[in-house]
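Kindly produce the complete structure, drawing on both the sequences and the hints.
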Amino acid sequence: MDQTVTGGLAFLSSGTPEADESARHLAALYGQSATADASTIVALGGDGFMLQTIHRFMNSGKPIYGMNRGSVGFLMNEYGEDSLRERIAAAERETIRPLRMTAIGEDGTAHRALAINEVSLFRQSYQAAKLRITVDGKVRMEELVCDGVMVATPAGSTAYNLSAQGPIVPIDAPLLALTPVSAFRPRRWRGALLPNRVTVDIQVLEASKRPVNAVADHTEVKSVQRVTVREARDATATILFDANHSWDERILAEQFRY
161 MDQTVTGGLA
171 FLSSGTPEAD
181 ESARHLAALY
191 GQSATADAST
201 IVALGGDGFM
211 LQTIHRFMNS
221 GKPIYGMNRG
231 SVGFLMNEYG
241 EDSLRERIAA
251 AERETIRPLR
261 MTAIGEDGTA
271 HRALAINEVS
281 LFRQSYQAAK
291 LRITVDGKVR
301 MEELVCDGVM
311 VATPAGSTAY
321 NLSAQGPIVP
331 IDAPLLALTP
341 VSAFRPRRWR
351 GALLPNRVTV
361 DIQVLEASKR
371 PVNAVADHTE
381 VKSVQRVTVR
391 EARDATATIL
401 FDANHSWDER
411 ILAEQFRY
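For the sequence shown, our numbering begins at 161 and goes up steadily by one.
Bear in mind the hints are in silico, worked out from the structure with no lab data behind them.
All clues given are correct.
No more than 30 Å apart at the CA atoms, straight line, and that leaves these computed lysine-lysine pairs for DSSO-like:
1) Lys290 / Lys369
2) Lys298 / Lys369
3) Lys298 / Lys382
4) Lys290 / Lys382
5) Lys382 / Lys369
Between beta-carbon pairs, the in silico distance windows are:
6) Lys298 / Ala188: 56 to 64 Å
7) Gly167 / Leu365: 51 to 59 Å
8) Arg347 / Ala188: 52 to 60 Å
9) Leu189 / Glu302: 56 to 64 Å
10) His378 / Asp180: 20 to 28 Å
11) Glu414 / Arg184: 32 to 40 Å
Fair warning: this is a prediction, and the values are worked out from it, not measured in the lab.
C-beta atoms are modelled at their ideal positions from N, C-alpha and C, and glycine is treated no differently.
Dropping the structure here:
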C-alpha cells in the first residue's frame, strides 16, 4: 500500500530563478508550511544549497529531501512535481554526522565550525605548506610538503576529496579519508583511511613564512597555526533519497565512471 506524508512540507529555494519558480509552483500544489511546523524540508537548488540546508537544520529532527535545481546535484533527487508526498514517504533515510573543526588562528583564538563534506587546509601563498600530522596523539607524518590536505567524511568523499584523487567511501563505512592535495614530499603519499573515532591534529610548520587557511565546508579561517578534526558525535542530520537512486547506488556507480 502506498504511503504518503501527512505532515506539512517547507519548500526552500536556493534563490536562482529556476529554484524560485519551482518553489512557488510546488507550494501551490502541496501547500507551504513554516519550517518550524513542517515535517519535511524540501530543498530546491544544487549541492551547495543542500549543504547550507543541512547545516541550518542540524539536530532539528527534520529530514531534508533535496531536488536538483542546480548544476551537479549529487546530493539531490531528480526534480519532479508528481506524487511528491508519496516519493518522500518511500525515500530511503541516511543519517550523517559532520566533522567538528577547531582551528587555532595566528593570534591564538580558537575558531570552531562543522563540516558535512570535509575540513581542508590550503596554502595561502606561492610557497608550499609544511604540515605535521598527528592521529590520536601519535605523530604519523613528521612533515608533509604540499598544497594542502583534507579530512573528508563518507558524504564528502565524492566531492573535493575525489578530485584530489582520494578514495570514495561508502556512506555507512565508519571511516574518514585523509587526502593530500598535490603532495610534494613525500611525493608518492596518497593519503590514508582512518577510523571515524580518531582525532586528527594538523600543525602548520613555519606558519609565518608559509601561511595556511583552514576551511570547514563554507567557513574559512585564515592563517591558522593548528587544526584539530574529529567526528561530531552530538550532531546529526537526516537526508532522503529516492529508493530507485539511493546514495549507496550513486557512490557505487561513481567508482565505475571512466
